Amino acid sequence: MTIEEVDVTIIGAGAAGLSAAGEAARMGARVVLVDDNQHPGGQYFRQPSPQNYKCKSLVSEKDRHRFVQLLKGIDTPLVRYCPGTTVWDIHDQFTIGLADGERSRRIRSAAIVISAGARDHVYPFPGWTLPGVITAGGSQNLIKGMGIAPAAPVVVAGNGPLLLVAAANLVSVGVEVAAVVEASNRPWNIVRHAAKLIHGGSNLGLAIKYLKILYKSKIPFLRGYGVIAAYGSECLSAVDVAPIIRNGKFERSQARRITAKTMVTGMGLTPSLELPRLLGLKETSMPLRGGPNIITNEKMMSSVFGVFVAGDGSSIGGVELSLVEGRIAGINAAIHAGIGASESMQLSLTRDLSAHRRLCKFRSGLERVFMNNVDWYDLLTPETIICRCEDVTWGKLHKCKEKGLITPLQLKAATRIGMGRCQGRNCLGTLAALTSHEGDDPTKEQEMPRTRPPARPILLSELLHEQLPPPELPDDPHLPRQQD
Amino acid sequence: MNANGQLNFRFDGQEIIGYAGESIAAALIASGISATRLSATGMPRGYFCGMGVCWECVVRINGINTVRACRQVVEDGMIVETVNAAEKL
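Chains as they are written, first to last, in my numbering: chain A, 1 to 484; chain B, 485 to 573.
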């Protein structure tokens with residue numbers, strides 16, 4: 001059994017991955033495009049699949065056209081597209097382990113592009129585990145991908161541009177939205193940052209469209225508010241909202257209740273860093289861009305030679321930036337694999353780099369519009385679940401702390417926080433924040449639970465069916481010493 | 485499956501109508517069902533992230549305990565059940 005070898009492996013077939021694969025193939029590179037989803041497009045270009053699609057389509061003509069172009073880009077014998085395939089290991093920087101539901105196998109390549117996307121960031125609050133509380137991304141997927149509306153009335157609450165998109169889309173398909181609750185009190189303050197926002201081009205037009213939809217719908221729009229608790233027995237029935245005061249705390253005395261069967265929430269997105277962390281790629285903290293970000297250079301190459309990271313899987317920037325970063329990464333990965341760039345490719349790279357600079361300016365403008373100093377951890381009560389998989393509450397963690405267990409690793413060992421099926425994706429960010437919050441030495445970096453393979457849960461049968469060359473085992477120290 | 489792409493499956497014994505291409509989670513939400521799992525301490529849970537990350541929508545399908553309802557498409561005659569995380573498997 002030999003390991004398959006290609007020029008470039010691209011992980012994730014979303015906006016960044018598809019454009020990276022297209023460009024690398026245009027250069028003449030042999031590409032494997034691995035995607036965990038069954039269909040290409042990632043979250044943004046998710047295609048409606050069911051036959052009873054009830055909602056009106058929200059996909060613009062422009063996006064429909066762009067998606068067709070992206071698919072054309074990978075429709076070449078040079079690109080092998082592997083849907084429904086999970087990358088569970090990166091053994092060294094160039095050999096990945098993948099599992100397709102049947103068996104695990106390995107692919108070795110000269111360069112890797114990680115474009116694994118992002119997920120919603122949700123801070124815990126009382127009642128956030130109730131059925132009916134869903135993420136902004138989850139709401140988008142229901143409407144855009146399945147044509148199904150969540151149960152009404154809906155409260156949309158949190159922070160950031162995706163929240164407004166989710167709210168506008170719910171309104172567009174005719175769902176009863178009881179209120180939109182945005183933590184920042186300046187989402188309309190676009191004028192102040194107009195100089196930066198103007199670089200957004202079509203992004204800006206889209207933002208105005210969404211705001212218009214919300215304005216016209218006359219839905220109560222609470223600015224500088226947040227949901228402080230969700231209630232219900234079997235599922236969500238109501239939420240309490242309260243204003244956020246100057247110091248970022250919630251003014252509970254002014255709380256009021258809103259009836260809701262669904263709460264759509266999200267406090268922005270955070271990059272999916274499991275694979276970068278398996279490789280130990282250097283990170284930097286960018287609170288406005290989803291927290292931990294991967295450090296990349298102008299080629300989109302990470303701190304590890306030959307490993308490129310593009311799109312929201314590196315730093316949150318949205319679909320336009322992802323498309324551009326994907327193209328830059330795709331071209332550079334092919335060059336890294338030893339393929340020469342023609343003059344026209346060089347030209348297109350230069351164009352992409354200037355588009356990248358322009359979009360980055362827009363991004364920082366948008367970040368200012370939604371910036372806030374909310375202390376989301378002010379909402380925690382002893383009963384609030386922190387780790388959803390293992391049902392670890394804030395009170396339980398606090399009790400452990402009183403016994404002297406203060407570091408993330410100690411708390412994990414004592415409570416199983418982060419050891420469930422989501423592998424800490426829901427709770428480790430919170431754990432990091434809560435332990436550094438009250439730590440003695442804020443300059444000392446917390447030692448967090450390490451990411452280990454499998455990067456995502458896979459079946460034991462997939463591993464059992466893997467055919468590998470016989471391993472080169474070290475001498476067994478327990479064997480009797482050989483007599484010379 | 486009939487001409488409209490309509491399929492039938494059961495959730496905890498209840499007949500549910502789904503459509504070809506639809507996820508189990510979407511079909512259940514369309515039928516007004518949001519709680520599909522019991523957590524380690526017996527709390528009801530359901531569809532949360534919608535993209536296969538959070539594992540909150542895990543259900544038992546045809547006896548397999550670890551299927552994410554948001555990622556599994558509806559098939560005719562599927563037996564879907566609530567998973568109780570506290571139950572010994």
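Read the hints as simulated data drawn from the structure, not as lab findings.
As the structure is a computational prediction, the values presented were derived from the model and not from experiment.
Positions of the beta carbon are idealized from the N, C-alpha and C atoms, including for glycine.
One or more of the hints may lead you astray.
[To be verified] A few chain A residues facing chain B, derived, Cβ under 7 Å:
1. Ile-134
2. Tyr-231
3. Glu-234
4. Gly-365
5. Asp-391
6. Gly-395
7. Arg-421
Each hint, compared with the structure:
| no. | hint | verdict |
| --- | --- | --- |
| 1 | Ile-134 | holds, 6 Å |
| 2 | Tyr-231 | violated, 13 Å |
| 3 | Glu-234 | holds, 5 Å |
| 4 | Gly-365 | violated, 28 Å |
| 5 | Asp-391 | holds, 4 Å |
| 6 | Gly-395 | violated, 13 Å |
| 7 | Arg-421 | holds, 4 Å |
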